[in-house]
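Use the sequences and the hints to build the structure in full.
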Amino acid sequence: MRQPVLQVQDLSVERSGRLAVEGVTFALSPESDTALVGPNGAGKSTLVAALLGLVPRRSGAVEILGQPLGIDGQLPRAVRAQIAYVPQTLALQGRFPLTVAEFVGFGFDPPGLRLPWKDQRNRHVAVQQALQRTGCEELGQRLLSELSGGQLKRVLLAFCVVRPRQLLVLDEAQAGLDAPSNEQFQQLLFNLRRQEGWTVLQISHDLDMVRRSCDQVLCLNRRLRCSGSPDHALSPQSLNELYGPHMITYRHQHHD
Amino acid sequence: MTDAAALASILAEPFMQRALVGGLLTGSLGGLLGSFAVLRQLSFFSDALGHSALLGITVGILLGINPTLVLIPFAVVFALLVHQLVQRSALPTDALLNIVYSSSLAAAVLALSLVETYRGGIQQLLFGDILGISWVDLGVIGGLLLVALLYLSLSLRAQVLLTLNTDLAGAMGVRSGWHRLAFIVLLAVVVAVSIKAVGVLLISAFVVIPACAGRLLSRRFPVYVVSSALLGGGCALVGLLGSGLTNLPSGPCVVMVQFLGFVVALVISQSTRRSPAVAGPGGRQILGGGPAAPEPH
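Sequences listed follow chains L and X, in order.
So the first sequence is residues 1 to 256, counted in our numbering.
So the second sequence is residues 1 to 297, counted in our numbering.
Bear in mind the hints are in silico, worked out from the structure with no lab data behind them.
If you're wondering where the values come from, they're calculated on a predicted model, not measured in any experiment.
Do not take every clue at face value.
[Unchecked claim] To give an idea of the chain X side of the interface with chain L (calculated C-beta under 8 Å), a few residues:
no., residue
1, Ala8
2, Leu39
3, Arg157
4, Thr163
5, Leu164
6, Asp167
7, Arg219
8, Phe221
9, Val263
10, Val264
11, Val267
Glycine included, C-beta positions come from ideal geometry on N, C-alpha and C.
As structure tokens, then:
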């Protein structure tokens, strides 16, 4: 059996003086696509922040690619370079003087201090390929702050695909997208995951998408309430336990 | 005397030569740091630092120590304390900074009223005295410019990612806390060192105005940073020469030139966005190369 890309053991995290995540244990097998679902305030973003080493954990252990995550988020640079992250949005108030190609180029550079003109030729080639693979060829010289929501999400995937990585974490990546843009984004994510061999962990409120795309579902409400295949974890009974009795579920029937 | 002769006579004065070099260095340093500070929404922070510097100077006077020696450690400690306050308080940052800078300004004025005679005078503290800048001051400012250039070049990726999204930066291996602190300390030192030349009231203009003008004119990030620094240095030179020729106060002259530069940048950026024949559907870049930019969807 292949080593899990991410292994979490009895993880508890405090935020603003209260226990936001308690005793969570799970593992992500290589090239799997896992959704993290739960109501608002359930601790999903806190859990992801702790897995990325952005907030300290109170107890428990996290291993990424076999390397333990330090209590303050320390990871060997080689392992850190294998992680990609797609946030909900970027702080682009007003006119932000940064082109799409420049931004994607920052995804190519490894962690640490370095002069910006180092490895410029390889960076340029990698950026062009990443833009092409995400359908963003035309956007390279546009300002990041001029993009629509859907374009920005594709550019964020270009940022991830500009160098080989193993673990991709998405924090409500569909937030703010209309239905067609969401569909395009999911299709692109699906294709890139297959091509790149990414292991994906995504926070999502789109349970229909989770049913269609993900291999595994983690239902979180401070504790891990249930986990498993979408059919099992998203059954009406599980959803009632997770979201409360007012949750009404609709199942789309797909006909081939 | 003709203008050219007057200019030559001004330029022949050693104090004016030092002032011009000082203006160039201080203006460039302000523009360089300002290009990041404005994007990180730290403009008001530099203003608070400037006002609090008056308290640092007053502490130096009251303790009988050269105010310049007190100013740098005072500004750094003050910046770190304010940073902690902003991080830990649930109040909005602008309100907190307003409280901090108005209180420190009031405390400084009260303390200064206890000092019977201050050689430099309050006017000099408020508006600066770039004509009194020494070769040692120039060495310190030049050294600081080199340190700032080196640090910002090496950490460019970290600075941009931190500005865009702290979590994204952290996930990409950027030591967010360390870089945030390093930038604030650098900004505090730059403000402290520039106070003598620029004055307490005008220091934030040196940080904010050239960066905003550069932001309006640039599309690529390195071009934005370099143009902000060049605009800062260039406006300082023009302002000082204007001040020398008209015998008007030097600090306010420089700030007025910066303001005119900003207005010109605003007009250029607006006109290039409005003119479809020149700009294409949504505007064209002014500095930095690249094709026209369509409107956002």
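Consistency of the hints with the structure:
{"no.": "1", "hint": "Ala8", "in the structure": "violated, 39 Å"}
{"no.": "2", "hint": "Leu39", "in the structure": "holds, 7 Å"}
{"no.": "3", "hint": "Arg157", "in the structure": "holds, 5 Å"}
{"no.": "4", "hint": "Thr163", "in the structure": "holds, 7 Å"}
{"no.": "5", "hint": "Leu164", "in the structure": "holds, 5 Å"}
{"no.": "6", "hint": "Asp167", "in the structure": "holds, 6 Å"}
{"no.": "7", "hint": "Arg219", "in the structure": "holds, 6 Å"}
{"no.": "8", "hint": "Phe221", "in the structure": "holds, 5 Å"}
{"no.": "9", "hint": "Val263", "in the structure": "violated, 17 Å"}
{"no.": "10", "hint": "Val264", "in the structure": "violated, 17 Å"}
{"no.": "11", "hint": "Val267", "in the structure": "violated, 15 Å"}
Comparing the model with each numbered hint stated earlier shows that hints 1, 9, 10, 11 do not hold.
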